[in-house]
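S.K.: Sequence positions in the sequence shown follow our numbering and run 9 to 112.
Bear in mind the hints are in silico, worked out from the structure with no lab data behind them. None of the values given here were measured: they were computed from a predicted structure. Take these hints with a grain of salt, some might be off.
List of simulated lysine-lysine pairs, PhoX-like, C-alpha gap at most 20 Å [claimed, not checked]:
no.	residue 1	residue 2
1	Lys75	Lys41
2	Lys44	Lys79
3	Lys110	Lys75
4	Lys79	Lys110
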Amino acid sequence: HEGGLPLLATAGHLKDWEYDRPVSPETVRDLSKLAKHIEDSPLYKEGGERAYHTVTRGFIVTCLLYKVDPKMRTLGQFIRDEISTPLGVSYFCGMPEVEQEKHS
9 HEGGLPLLAT
19 AGHLKDWEYD
29 RPVSPETVRD
39 LSKLAKHIED
49 SPLYKEGGER
59 AYHTVTRGFI
69 VTCLLYKVDP
79 KMRTLGQFIR
89 DEISTPLGVS
99 YFCGMPEVEQ
109 EKHS
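Based on the provided sequences and hints, a complete structural model is requested.
M.R.: Now the structure itself:
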């Protein structure tokens with residue numbers, strides 16, 4: 009909860025949701041662009057207000073894993089490859105539309 013990046017803001021407008029930097033679907037699909045988007049966002053200062061990372065948590069974890077994983081996988085791909093598939097368990101982190109239709 010104290011990562012300092014509860015929103016992707018424009019520099020100089022850290023606490024103003026009006027200046028939140030929207031993330032396009034194209035950016036989300038390109039993890040290099042998404043990581044750059046996150047890196048360019050200003051951080052809340054340590055010791056300042058606390059804010060939950062409800063919007064940015066998944067982006068941050070996925071980009072971090074993407075940068076350290078030799079296979080450059082997303083969080084969903086990593087969990088599927090390393091945990092759920094070997095265990096024979098169905099798991100979705102970002103459920104594809106085809107699967108959404110099956111489970112709705």
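S.K.: Now tell me if each hint is right for this structure.
M.R.: Tested hints:
| no. | hint | result |
| --- | --- | --- |
| 1 | Lys75 with Lys41 | 12 Å, holds |
| 2 | Lys44 with Lys79 | 19 Å, holds |
| 3 | Lys110 with Lys75 | 33 Å, violated |
| 4 | Lys79 with Lys110 | 29 Å, violated |
Of the hints listed earlier, those the structure fails to meet are numbers 3, 4, in rising order.
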